[in-house]
Amino acid sequence: MRTVVRAIAIPIVSIALVFLVWDLIIRIFDVQPFVAPSPGEAIAALRDNWDVLAPLALDTIRETVYGFVVGAVLGIVLAVVMAQTRVLQGLIYPVLITSQAVPVIAIAAPLVILLGFGILPKIVLVAWIVFFPVAVSVLDGLANVDRDLLNLARAMGGSRWRVFVHIRLPAAVSPLFTGLKIGATYAVTGAIIGELVASTGQSLAGFQRTANGSLDTPAVWGVTLLMTAIGIGWFLLVVGVERLATPWRTRSTRRRLRSRA
Amino acid sequence: MAHPIHEAPATIPRMTRTRLTALLLALAVAALVAACGGSDSSTETTAADTGAATTAPAEPTKVTFSYFWTATEYPLIPLVVAQEQGMFEKAGLDVEVIFPPDPASATKVLATGDSNLGLITTTDQVFATDGGLPVKSIGNYTTSNNWGLFTKPGDPATLEAIKGKRISGYGDSWTNAMLPFVLEEAGLTDKDVEVVTVDWDLPLLLAGKVDMSTNTTNYLRAGVLDETGKEPGVLLARDNGAPDVPVWVYAGNTQWMDENPEATAAFMQAIAEATQWAIDNPAEAVAAYEQAYPDNGASTKYNQAGWEDLVAYIPNADGDLLIQTDDQWTQLGDALQGIGELDAVAEPGAYYTNEYLPQR
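Those protein sequence lines, which keep their order, are chains R and C.
Numbered by this note's numbering, the letters in the first sequence go through residues 1 to 261 in order.
Numbered by this note's numbering, the letters in the second sequence go through residues 262 to 621 in order.
Rather than coming from a laboratory, the hints here were simulated on the basis of the structure.
It is possible that some hints are incorrect.
[Claimed, not checked] A short, non-exhaustive set of chain R residues, derived as facing chain C with CB atoms under 8 Å:
id : residue
1  : 35
2  : 38
3  : 109
4  : 117
5  : 196
6  : 198
7  : 210
8  : 214
From the three backbone atoms N, C-alpha and C, an ideal C-beta is built for every residue, glycine too.
Construct the complete structure from the given sequences, taking the supplied hints into account.
Structure, rendered in structure tokens:
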């Protein structure tokens, strides 16, 4: 119980400290509200616009989740394909690296022209950001299986498929979640870029741009907090799934019984 | 082998370092005194020889000018002409142009005093006044509304053609304020069209992904001409129900202007002269701009088309430059209040002043 409380309390204290430092910077340097608001002003603006922002946030979450799932599946598939032979890895890996070297903002506009103004280009952008860390992490996991274990399995007559399913794949689960957690933190950025480039009607990024144009800086920062919260929320969800899927990684150590010597 | 000086900071004892610093300071002071002395004596000699006044020419007043966009564009032409043709120098000004990190920060840069004077949109000025920012408009850049709806070459740009169309906008306050007027003139509401928010409208318009694009004539017409060599369809908002109010104004930080009224007036005088020259000599003005900013990133064809288009909206109906009116600010305030972006319209004098403009 104490562990659970500590696991929740420490991050809350950490976030509270961030807000405290933010507030102190505003006060100490006497930053004007139109340049940067205090946390209180940003939260108040978020509260005041909540009726408008809540449905927009749901749209952003939808784009983030769909894109994340597509990116994660794509990353896993690519990693599995690359793990099969060195030739395939040699062919695909440079393309993966190149894809991440291309600034996402540069492909955003052509994507809209090709895919329209709906949710599709946003999903593609999120997937574009997410698939890479997933693919690289899973590939690492698949490639770094204990050689002795593989040799033992083969010596016992294990087929290529059974070795893959029972030995290689489980070894890639932990790295998979590492990739998913990295992807989760960046996923919302892809959705926001997609919204900025083109949207039908209003969007979270569009609201932020309009607020910025109206010199409503507290609202701009309020929306930023909301976007950040979406990213953190999604990350925590992935962490939760990881705990359920890999209990051996997070099992708490039992308190040792001390001998009364 | 490393040069001894490169090793010095790490190895010289503190006492020696202090002496070295003192010695350098003494040398610097001596050099300064010598320079001043030389200057004085030469001034005295010249003054004595010519019999002219002995006061040295005043140092030019430094003015930091912020543009409304994040990079150079041809609307900077009046600034460039005033710079290149010595109008600023004659006015005793040393003008430096800076660019905001994003368009919405153009007003903030002025309000914080990071720039003294600048170009902003009229909607920026209204929001700045509403938010109590120390920024005031001191002269119109354009005097007329050149915002409108555009179609790709060959497509009709009429009120009748709007219904059911997909229209792109930047999600900015100007578009939000002006579009309802045009829709109302066409007997439509926003339910009759699909408005999409975009980051860059030209490729979407030319690719047929949007039917109409909202922009100002100088940007979109120039862009279409540059890309296709053909004229786009233009539906000017001012001719179709929207108020005929300027889009951009010269504005300044009120504190700086209060402290530097002569410099502010001198700046506007130089701008008035440079603008008139650039209107009268458009090709030379564009050439001067491209020489000042050779890496401006746009083609000469685009810059020329844009400037020639903009020139039509700079003087008012009487041919006057820069002069603002109460009416333009009231109309814009009413439009922004009408779409719910402004709670109350202030007195026009809260938005602008003409006191720094050249006397007619």
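Fill in: residue 117 of chain R as chain C interface residue, shortest Cβ-Cβ below 8 Å
With a closest approach of 5 Å, the residue 117 of chain R hint holds.
Worksheet item: Measuring from the C-beta of residue 210 of chain R to each C-beta in chain C, is the shortest one below 8 Å?
Response: holds (5 Å)
Discussion item. Hint residue 38 of chain R vs chain C: min CB-CB distance below 8 Å?
Written reply: Because about 16 Å separates residue 38 of chain R from the closest Cβ in chain C, which is outside the 8 Å limit, the hint is violated.
Fill in: Hint check, residue 109 of chain R versus chain C [nearest Cβ-Cβ separation less than 8 Å]
Cβ of residue 109 of chain R sits 6 Å from chain C, so the hint holds.
Fill in: Interface hint compliance - residue 35 of chain R to chain C, C-beta minimum distance less than 8 Å
holds (6 Å)
Worksheet item: Is the interface hint for residue 214 of chain R satisfied, with its Cβ closer than 8 Å to some Cβ of chain C?
Response: The hint holds - residue 214 of chain R has a Cβ within 8 Å of chain C, the shortest such distance being about 5 Å.
Worksheet item: Would the stated hint for residue 198 of chain R survive a check requiring a Cβ distance to chain C of less than 8 Å?
Response: Since the shortest Cβ distance to chain C is 5 Å, the answer is holds.
Discussion item. Let's test the interface hint: is any C-beta of chain C closer than 8 Å to that of residue 196 of chain R?
Written reply: holds (6 Å)
In the structure shown, a violation is registered for the earlier hint numbered 2 alone.
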